[in-house]
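Q: Read in the UniProt record's numbering, the sequence shown has 29 at position 29, and its numbers run on one by one without any break.
For the record, the hints were derived by calculation from the structure and aren't laboratory data. For every residue, glycine included, the Cβ atom is placed at its ideal position computed from N, Cα and C. Warning: the hint list may mix true and false statements.
[What the hints assert, rightly or not] Estimated spans, in silico, between C-beta atoms of each pair:
# : residue 1 : residue 2 : range
1 : Arg66     : Asn7      : 28 to 38 angstroms
2 : Gly39     : Trp92     : 32 to 42 angstroms
3 : Ser68     : Glu19     : 17 to 27 angstroms
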Amino acid sequence: MPKIKTNRIKYPTGWELIEPTLRELEAKMREAENDPHDGKRKCETLWPIFRIAHQKSRYIYDLYHRRSEISKELYEFCLDQGYADRNLIAKWKKDSCINQEKLAAGNDQGMSVFAAYDAYSHGITTLPLHACAESPST
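Construct all of the structure, not just a fragment, from the sequences and the given hints.
A: The following block contains the structure:
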């Protein structure tokens with residue numbers, strides 16, 4: 001007897017935990033796509049759609065990379081099925097690596113404010129990358 005192929009997708013374990021949130025965001029997406037665009041520019045009608053797509057991708061990114069609450073299999077499934085934008089998540093991963101390197105080097109914004117203040121008060125327009133001061137020098 002031949003095998004019967006079905007179009008049903010087999011969801012990985014853990015899908016039932018994130019499904020309600022993703023369904024809610026998809027409902028918001030449909031609502032944003034069907035909203036009337038009276039008096040809005042063409043680009044303004046796309047802003048809510050981009051915001052919701054960004055929110056879905058950020059949700060998946062946070063669950064896997066920040067909180068480690070979903071498996072790699074479920075994460076890859078979400079990316080493959082289009083629930084999240086793979087390129088946007090790659091950008092966030094890259095940015096988080098850069099931010100971690102900055103923190104490790106001691107160049108976070110809180111410490112470089114004093115160096116920027118010194119440069120401004122002395123009329124310097126460029127700062128070296130390693131400019132980091134603990135207190136302003138007068």
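Q: Now tell me if each hint is right for this structure.
A: Hints versus structure:
A C-beta distance of roughly 34 angstroms is found between arginine 66 and asparagine 7, which places it inside the suggested range of 28 to 38 angstroms. Between glycine 39 and tryptophan 92, the C-beta spacing of about 34 angstroms keeps the proposed range 32 to 42 angstroms intact. At roughly 19 angstroms, the beta-carbon separation of serine 68 and glutamate 19 lies within the given 17 to 27 angstroms, and the hint holds.
Checked against the numbered hints listed earlier, the structure breaks none of them; every hint is satisfied.
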